[in-house]
Every structure is written in C-alpha cells, then in structure tokens.
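Colleague: Between the sequences and the hints, there should be enough to build the whole structure, so can you do that?
Chains as they are written, first to last, in our numbering: chain A, 83 to 191; chain B, 822 to 934.
Read the hints as simulated data drawn from the structure, not as lab findings.
This structure is a prediction, so every number in the text was calculated from the model and none was measured.
Accuracy of the hints is not assured; some may be wrong.
Straight line, CA to CA, 27 Å or less: simulated BS3-like cross-link-like pairs of lysine-lysine [said to hold, decoys possible]: (1) K863/B <-> K147/A; (2) K904/B <-> K863/B; (3) K899/B <-> K878/B; (4) K139/A <-> K155/A; (5) K147/A <-> K104/A; (6) K863/B <-> K91/A; (7) K139/A <-> K904/B; (8) K863/B <-> K878/B; (9) K139/A <-> K97/A; (10) K147/A <-> K91/A; (11) K97/A <-> K147/A; (12) K904/B <-> K878/B; (13) K863/B <-> K899/B; (14) K104/A <-> K863/B; (15) K155/A <-> K863/B.
Listed next, with one range per pair, are the computed distances between beta-carbon atoms [unchecked claim]: (16) F158/A <-> M836/B: 47 to 53 Å; (17) S190/A <-> D892/B: 47 to 53 Å; (18) R186/A <-> S879/B: 22 to 28 Å.
Partial pick of chain B residues on the chain A-facing surface, computed with a CB cut under 10 Å [to be verified]: (19) Y854; (20) L867; (21) E877; (22) D892; (23) G893; (24) F912; (25) A914; (26) P922; (27) Q923; (28) H924; (29) G926.
Where a beta carbon is used, it is the ideal one built from N, C-alpha and C, also for glycine.
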Amino acid sequence: AQRVTQPEKLLSVFKGAPVELKCNYSYSGSPELFWYVQYSRQRLQLLLRHISRESIKGFTADLNKGETSFHLKKPFAQEEDSAMYYCALTDTGFQKLVFGTGTRLLVSP
Amino acid sequence: EPEVTQTPSHQVTQMGQEVILRCVPISNHLYFYWYRQILGQKVEFLVSFYNNEISEKSEIFDDQFSVERPDGSNFTLKIRSTKLEDSAMYFCASNPGQNQPQHFGDGTRLSIL
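Modeller: What follows is the structure, given as structure tokens:
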C-alpha cells in the first residue's frame, strides 16, 4: 500500500539554524514525490517536486530510493519559513496524491 | 497567476441535510480532484475526475458522495444526508494534464451540527 510517513508533528528551530523535515514512503513502483507547504490561512502550495531537482526558497530535497526517503532540508531557516509542510507521493501519471500527516515548522527569532 | 477557487469558505449544515461544495478549477486544466482533511488528520484523496467521468475514487467516496461538472467552469462535490463525521476541510485541486502538479484551492470548511 502507498504510505507517506512524517514522523515529526512539530519541529521548532531558531532563525539561522539548519532544518530537516523527514519524509519516508512506501510504494511498490516508482513514485513521484512532492513537498507542499501551507502558510497560515493560505492554500496548499507546491514547494518542490523531486523530478525537477530544483531549490525553492532555499529548500532542497533528494529522493533516496534505498532508504525510501525524501527529506526536506534548508541550511539556514528564516522566520517566514514557519508553516505546515506536507510530503506527498503520486504514481506515474500524476493522479491521486497520498499525503503524510504533515510537520509544523516553527522558526523563532 | 490563475487560482483554483472554492465556495463557500465555511458551510454549516444540519446532520442529514445535503450540501454542495463548489469549485472553479483553473480554466485550462483537465483533471479535477477532491480531497478532505478531518481536523488533526492527514489530507485524504476522495475522487479524481477527467473527461466528464470519475477516473478514480477512494473507499471514503461512497454512495453518499457525488461529483459533477455542470458547466464549463464549475466542479461540484455533493454530500447527501450528511453525518457528523463529514465535518472536515474539503480541498479542490486541478492540473492541466498528466505529469503536472496539482494546484489547490483554499478549501471549504464543512461543519455538520
């Protein structure tokens, strides 16, 4: 069965500290992995997709098929990064998204 | 930038009543989706819709639920005979085609009393 696991409900760091939000997945085929972000009172927005291999707002994520992980990283957290972060996967053809439970990132000054 | 729009933002309904949640996907998008998020839980897939028919649905999407694209712009989710456990945030999403990321609306908060 497809499953996405985000083990941390809350991650609290100070401004300037490195951040790593963990995501592990289980999927029998070759999934597409995403990170979505939801800022306070705003909609879910796509942050990253693994196939594009780009850095958005300083965030990067590398797909590790051996460890079935897609952790989200940023070397220096900013206060405006505070938000809910959801890891998600979909099968080929980009149909239904399977979400993790989300991690709330809180960056304090 | 074009957005997926959802109305209403908050719907309060008595248990047993029917409710229709409305979505206007981005105009050139062809695939449409509904998801729900019960308070404190993960976002769950309900249904996907393409070419005027359901392409996939989850086990949550039982006979109580239906979707429709009544015209060229709206995409609706109807819940018949609502139950307390239908209380959740309902998100609409769309994408222009396969291999394209989904764009989400702001959601409709449904409260069943």
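Colleague: If a hint holds in the structure, say so; if it doesn't, say that too.
Modeller: Here's how the hints hold up against the structure:
1. K863/B <-> K147/A: Roughly 23 Å separates the two Cα atoms, so the pair holds.
2. K904/B <-> K863/B: Holds - the C-alpha atoms of K863/B and K904/B are around 19 Å apart, at most 27 Å.
3. K899/B <-> K878/B: The hint holds at about 14 Å.
4. K139/A <-> K155/A: 11 Å, holds
5. K147/A <-> K104/A: 14 Å, holds
6. K863/B <-> K91/A: Given that 27 Å is the threshold and the Cα spacing comes to 11 Å, the pair holds.
7. K139/A <-> K904/B: 41 Å, violated
8. K863/B <-> K878/B: Distance ~17 Å between K863/B and K878/B Cα, so the pair holds.
9. K139/A <-> K97/A: 15 Å, holds
10. K147/A <-> K91/A: 23 Å, holds
11. K97/A <-> K147/A: The given pair, whose Cα atoms are some 31 Å apart, is violated under the 27 Å limit.
12. K904/B <-> K878/B: OK: K904/B and K878/B at ~20 Å, within 27 Å.
13. K863/B <-> K899/B: 21 Å, holds
14. K104/A <-> K863/B: Distance of about 16 Å is within 27 Å: holds.
15. K155/A <-> K863/B: Roughly 21 Å separates the two Cα atoms, so the pair holds.
16. F158/A <-> M836/B: 47 to 53 Å: Distance hint for F158/A, M836/B holds at roughly 49 Å.
17. S190/A <-> D892/B: 47 to 53 Å: 48 Å, holds
18. R186/A <-> S879/B: 22 to 28 Å: 25 Å, holds
19. Y854: Because about 7 Å separates Y854/B from the closest Cβ in chain A, which is inside the 10 Å limit, the hint holds.
20. L867: 9 Å, holds
21. E877: 6 Å, holds
22. D892: 23 Å, violated
23. G893: This hint is violated: G893/B lies away from chain A, its Cβ roughly 22 Å from the closest one there, beyond 10 Å.
24. F912: 7 Å, holds
25. A914: 8 Å, holds
26. P922: It holds, given that the least Cβ distance between P922/B and chain A is near 5 Å, below 10 Å.
27. Q923: 6 Å, holds
28. H924: Holds. Min distance 8 Å.
29. G926: Nearest chain A Cβ about 6 Å off; hint holds.
In summary, the structure is inconsistent with hints 7, 11, 22, 23 from the numbered list given earlier, while agreeing with the others.
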